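Undergrad: Here is how the chains run, residue by residue.
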Amino acid sequence: MNKLILIVDDSATLRMSVEMTLKGAGFEVVQATNGREGLEALQRLEASQRRPAMIISDVNMPIMDGITFIKEVKQTPFRYLPILVLTTEREDSKKLEGKKAGASGWLVKPFKPETLLTVVRKFTRSLA
Amino acid sequence: MDDKLLQIFAEESQELIDSLEQRLLQLEGSEDPEEINAVFRAAHTMKGNAGIVGFEDVVELTHLMEGLLDEMRQGRCTPDAEVVGLLLGAVDALKVLVQGRLAGQSPERPREMLAMLARRLGEEPVKPPISRAAAEGPLRSASNGDAAGDGQALYYIALHLQPQVLDSGVDPLQIMLELSDLGRLERVVCHAEGLPDFGELLPDRLYLWWEVWLRTGAGQEAVDDVFIFLRDENDIQVQPATGLPPLQEAAPQPEPAEAKPAGAPKAPPQPAAPAP
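Residue numbers (the working numbering), protein chains in the order written: chain A, 2 to 129; chain B, 11 to 286.
Don't read these hints as lab results, they were simulated from the structure.
Quantities reported herein were computed from a predicted structural model and do not represent experimental measurements.
Ideal Cβ placement from N, Cα and C applies to all residues, glycine included.
Mixed in with the good hints there might be a few duds.
[To be verified] To be clear about the criterion: a stretch of chain B counts as covered by chain A if any three or more of its residues have a C-beta under 8 Å from a C-beta of chain A, and this derived list gives those stretches:
#: 1; stretch: 18-24
#: 2; stretch: 51-59
#: 3; stretch: 174-187
Please construct the entire structure, taking both the sequences and the accompanying hints into account.
TA: What follows is the structure, given as structure tokens:
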């Protein structure tokens with residue numbers, strides 16, 4: 002079974018772009034448009050006994066923002082999953098906030114597909 | 011550029027532009043921070059999307075709109091008739107640009123509008139700082155893809171991670187796998203002296219640290235990149251090494267019942283954990 006990645010971002014264009022890149026590299030992708038949907042997606046995955054290899058989350062989203070989302074994920078059985086935060090140039094403070102909340106790393110938008118893949122591979126290697 | 015991606019972009023742009031326009035029409039004299047934030051976010055998302063599909067002129071315009079809306083968001087600028095009017099004009103220019111680009115054309119740069127926005131922001135009308143190099147700076151080895159090394163070099167890595175590092179989704183095994191992708195792990199020594207008694211051991215804390223000797227032709231930058239998200243809070247040393255230190259002798263074995271004949275060679279010390 003392919004490794005699964007959850008992408009949480011309120012931009013449909015970004016989600017599609019990330020999905021295209023990741024699918025092209027053999028990953029399966031689940032999309033959510035904000036933190037609340039992200040948590041719901043995780044619950045559904047847990048119910049079907051699937052575990053994402055990692056989560057990629059934007060910071061600014063309506064309903065539930067990225068930092069809150071990360072803190073919530075840390076209260077679920079998925080608390081040890083690597084989480085990558087997507088920030089923009091102006092948002093240096095968000096990198097730090099993300100880290101404090103327990104994110105594993107960050108990527109600054111706009112990013113090249115190759116860069117995304119390099120970072121994703123960093124967190125999703127396994128012995129198999 | 012992928013058709014499917016452009017289609018999603020087109021649909022989303024329509025929604026964002028509509029949202030911008032409608033909210034701006036309501037915005038004059040508004041004190042509602044939520045409303046101002048919503049307009050800001052629409053411009054912000056529009057700018058991000060334009061960057062993804064490579065419409066740099068749209069990025070340029072939305073960057074200035076975003077800047078002005080940010081001033082509003084921070085309370086440094088009130089949404090009076092003049093500013094709102096200016097932004098509505100910017101939305102019109104935005105529509106022209108987006109429609110033109112989606113139709114495969116090269117629309118004219120909206121110089122006047124850009125200048126007006128820039129003036130209002132108190133800036134010189136320069137292109138926005140979309141420095142991909144800066145944005146992706148740390149991951150140099152990914153961005154330019156050429157190895158600094160012109161031959162194999164040996165690096166010594168001392169990996170001291172915080173005990174709570176597992177909480178951040180860090181997996182030392184993945185670090186080792188990433189290092190081994192770069193070349194050959196000549197030696198890995200795992201230090202377990204920090205392990206408490208089993209009864210005190212917390213399963214989600216890290217008690218181990220490692221020394222690694224890596225032989226690679228990828229150069230030090232590539233090795234440093236492995237630790238890019240870890241450097242700040244953890245104690246990680248990466249330095250060129252001249253050679254492997256001598257192996258430590260295995261702990262003395264209990265004497266066999268029969269004494270070995272004199273002159274028989276001792277068993278050679280076993281090497282540490284082999285590279286995966």
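Undergrad: If you test the structure against every hint from before, which numbers come out violated?
TA: none
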